[in-house]
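Enquirer: The primary structure of each chain is shown beneath.
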Amino acid sequence: MKLRFWGVRGSFAMSGRDYLRYGGNTTSIELVTAAGERLLVDLGTGATELAKELMTTEFGKGAGRLPIVLTHTHLDHIQGLPFFTPFFIKGNEIQILGADPISGLSLESTLQNQLSPYYSPLNGLENLAAGVTIRSFVPGTSLSVPGFAVTTAAFPHGSMWTTGLRIAADQKVVTVLTDVEYPSPDEPLPEALALAEDADLLVHDAMHADRDYELRKGWGHSPARAGVVVAERAHAKRLALFHHSPDATDDMIDEVVARTAASTAVPVFAAAEGNYLDI
Amino acid sequence: MQITFWGVRGSYPVPGAATVRYGGQTSCVEARASSGETVIVDAGTGMRSLGNKLLGEANGEPRQYHVLLSHVHWDHIQGLPFFSPAYVPGTRISIYALLTAANELDQVIGGITRHEFFPMPLEAVPAAFDFHQVEPGVDFVIGAFHVTPIALNHPFGSVGYRIDADGSSWAYVSDTAPFDQVLHKQHFLAGPEPLSPDDQVALAAMRGALVQRLKGVDTVVYDTHFLPEEYARFPHYGHSTPDQALDICVEAGVRSLVLYHHAPAHSDDQMDQIAASYLAKGAQRGIDVLTSFEGMTIPIGRPEKPA
Numbered sequence: 001m002k003l004r005f006w007g008v009r010g011s012f013a014m015s016g017r018d019y020l021r022y023g024g025n026t027t028s029i030e031l032v033t034a035a036g037e038r039l040l041v042d043l044g045t046g047a048t049e050l051a052k053e054l055m056t057t058e059f060g061k062g063a064g065r066l067p068i069v070l071t072h073t074h075l076d077h078i079q080g081l082p083f084f085t086p087f088f089i090k091g092n093e094i095q096i097l098g099a100d101p102i103s104g105l106s107l108e109s110t111l112q113n114q115l116s117p118y119y120s121p122l123n124g125l126e127n128l129a130a131g132v133t134i135r136s137f138v139p140g141t142s143l144s145v146p147g148f149a150v151t152t153a154a155f156p157h158g159s160m161w162t163t164g165l166r167i168a169a170d171q172k173v174v175t176v177l178t179d180v181e182y183p184s185p186d187e188p189l190p191e192a193l194a195l196a197e198d199a200d201l202l203v204h205d206a207m208h209a210d211r212d213y214e215l216r217k218g219w220g221h222s223p224a225r226a227g228v229v230v231a232e233r234a235h236a237k238r239l240a241l242f243h244h245s246p247d248a249t250d251d252m253i254d255e256v257v258a259r260t261a262a263s264t265a266v267p268v269f270a271a272a273e274g275n276y277l278d279i
Numbered sequence: 001m002q003i004t005f006w007g008v009r010g011s012y013p014v015p016g017a018a019t020v021r022y023g024g025q026t027s028c029v030e031a032r033a034s035s036g037e038t039v040i041v042d043a044g045t046g047m048r049s050l051g052n053k054l055l056g057e058a059n060g061e062p063r064q065y066h067v068l069l070s071h072v073h074w075d076h077i078q079g080l081p082f083f084s085p086a087y088v089p090g091t092r093i094s095i096y097a098l099l100t101a102a103n104e105l106d107q108v109i110g111g112i113t114r115h116e117f118f119p120m121p122l123e124a125v126p127a128a129f130d131f132h133q134v135e136p137g138v139d140f141v142i143g144a145f146h147v148t149p150i151a152l153n154h155p156f157g158s159v160g161y162r163i164d165a166d167g168s169s170w171a172y173v174s175d176t177a178p179f180d181q182v183l184h185k186q187h188f189l190a191g192p193e194p195l196s197p198d199d200q201v202a203l204a205a206m207r208g209a210l211v212q213r214l215k216g217v218d219t220v221v222y223d224t225h226f227l228p229e230e231y232a233r234f235p236h237y238g239h240s241t242p243d244q245a246l247d248i249c250v251e252a253g254v255r256s257l258v259l260y261h262h263a264p265a266h267s268d269d270q271m272d273q274i275a276a277s278y279l280a281k282g283a284q285r286g287i288d289v290l291t292s293f294e295g296m297t298i299p300i301g302r303p304e305k306p307a
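Protein chains in written order, with the working numbering: chain W, 1 to 279; chain X, 1 to 307.
Treat the hints with care, since some could be wrong.
[Said to hold, decoys possible] In silico DSSO-like links for lysine-lysine, alpha-carbon gap of 30 angstroms or less:
| id | chain 1 | residue 1 | chain 2 | residue 2 |
| --- | --- | --- | --- | --- |
| 1 | W | LYS217 | X | LYS53 |
| 2 | W | LYS2 | W | LYS52 |
| 3 | W | LYS2 | W | LYS172 |
| 4 | X | LYS185 | W | LYS90 |
| 5 | W | LYS90 | W | LYS172 |
| 6 | W | LYS217 | W | LYS172 |
These are calculated hints, taken from the structure and not from any lab test.
Using the sequences and the hints, build the whole thing.
Expert: Here it is in structure tokens:
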């Protein structure tokens with residue numbers, strides 16, 4: 001399995017020279033199996049960059065198939081949807097899977113509202129030329145996506161919930177725990193340990209530097225330390241710090257990585273836009 | 001009066017090495033009168049940096065802010081939840097916008113901060129918000145600024161603003177399509193639709209009113225999202241080319257045109273070419289053409305000659 005980060009930034013897309021090495025796009029992660037099957041996690045602005053690449057493949061000819069799993073529907077995780085060009089090509093089949101954001105409001109209505117005529121000239125999901133199916137799932141269930149086995153669990157995220165993902169393919173495991181906050185960074189929820197158990201790569205929310213966390217408790221995000229605790233207890237083989245704060249410049253992220261790496265035997269790096277990583 | 005560009009990009013924010021010089025954040029312009037009063041036009045992602053600057057100027061104290069919205073497509077409102085002065089109790093934020101449907105304006109703006117999209121709903125934000133409906137041609141005053149809304153041609157409706165202060169004026173004309181091929185209404189366009197005689201009359205009237213309102217204006221900031229070859233492929237997307245902007249500005253006799261709402265795909269190098277090419281085209285037609293970039297501040301009005 002290969003993985004590419006197309007967007008690693010949390011909350012807000014950051015442009016400018018201070019954000020070039022790690023990248024300023026909001027969240028989007030592509031996974032590809034050895035057989036070439038593909039899964040996308042989240043539709044932040046990073047997805048618009050992936051879209052350009054996809055349009056040079058079968059997606060440009062209307063013969064693409066893509067499952068997309070959304071961790072949740074906060075804007076930084078879906079703001080690339082109206083600009084994800086494979087949606088505009090008839091014949092592409094795109095499935096969006098995610099939890100209903102709050103009780104009584106479905107995933108489909110939420111995305112429909114994102115494309116409402118006030119907010120978008122697309123004027124509704126029905127105007128996307130591709131075949132788009134939207135499927136709500138209940139976190140805790142397993143998803144079957146061609147080429148991948150995905151296990152899910154719900155985690156508190158401020159005033160709502162987000163979905164954690166354990167993605168298995170080619171006998172490898174990638175765990176994505178973003179926009180999660182535990183009772184304390186040293187007390188990860190058991191669901192986090194279960195999803196990350198023996199993972200080859202744990203991608204974890206690290207919105208806050210450890211020293212800033214106390215001020216931002218309850219905002220629904222983790223300090224870098226929380227990812228370390230999960231990785232150590234769950235015996236994950238590598239840790240990628242993810243969902244970088246919009247206030248964190250490249251140099252600040254370098255510092256967080258250095259400090260975090262010095263605190264653990266688990267190999268740590270900061271997720272960055274760029275090349276495919278072999279898992 | 002002077003204006004500063006905090007976001008110049010159209011559609012969505014574009015980080016990365018290709019947008020470092022012109023900037024990747026979406027629509028947001030600040031106008032400042034000689035009295036120090038400010039008015040903000042559009043609340044795209046550029047509004048985050050502007051908010052941090054304004055909060056610094058206010059030493060963290062509450063102030064009143066005025067925000068004129070051209071319309072409520074995402075790229076023009078997405079910065080609002082990240083406007084840091086909104087989190088200072090006692091701050092008041094007045095929002096002016098076109099009412100384009102039956103829903104109340106506060107519900108439309110409040111909708112972007114609903115639970116499922118953003119962690120803090122509008123009602124929970126410490127600042128007090130008030131909402132004002134604008135109507136094309138019905139002018140109003142905000143402190144030192146005299147504001148005239150102008151109807152534009154964009155899906156679901158959009159409005160430009162002529163803003164006069166300190167004896168000079170500028171106008172914000174974004175987002176708009178030109179006024180010949182497509183009349184935008186309140187339904188989805190998969191492509192250009194045939195124009196009825198009524199549509200043609202409506203387009204001519206909109207164009208005429210725009211030119212009329214721009215007469216005597218010093219500087220016009222215009223939606224020039226597309227190059228001509230791009231416009232030819234997407235005439236129904238609701239955006240213009242620099243050539244179409246030049247035609248309007250020449251007819252209205254304005255001094256300076258500022259290219260704005262750059263397409264997300266236009267890299268800095270392409271923007272350099274666009275800037276050079278339209279500087280030359282403008283010179284041939286007697287108009288100074290500037291290309292906006294993030295952080296650009298320009299004075300409005302001819303510089304006064306030293307006595």
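Enquirer: Work down the list of hints and note, for each, if the structure agrees.
Expert: Verification of the supplied hints:
Between W/LYS217 and X/LYS53 the CA atoms are separated by roughly 26 angstroms; this keeps the pair inside 30 angstroms, and the hint holds. For the hint linking W/LYS2 to W/LYS52, the alpha-carbon distance of about 19 angstroms falls within 30 angstroms, and the restraint holds. Using a Cα cut-off of 30 angstroms, the hinted pair W/LYS2 and W/LYS172 holds, with the two alpha carbons roughly 10 angstroms apart. A threshold of 30 angstroms between alpha carbons decides the hint, and for X/LYS185 with W/LYS90 the separation of about 25 angstroms falls inside it, so the pair holds.
For the hint pairing W/LYS90 with W/LYS172, the CA-to-CA distance comes to about 34 angstroms; that exceeds 30 angstroms, so the pair is violated. Pair hint W/LYS217 plus W/LYS172 does not hold up; C-alpha atoms about 33 angstroms apart against a cutoff of 30 angstroms.
The structure is inconsistent with the numbered hints 5 and 6, although it conforms to all the rest.
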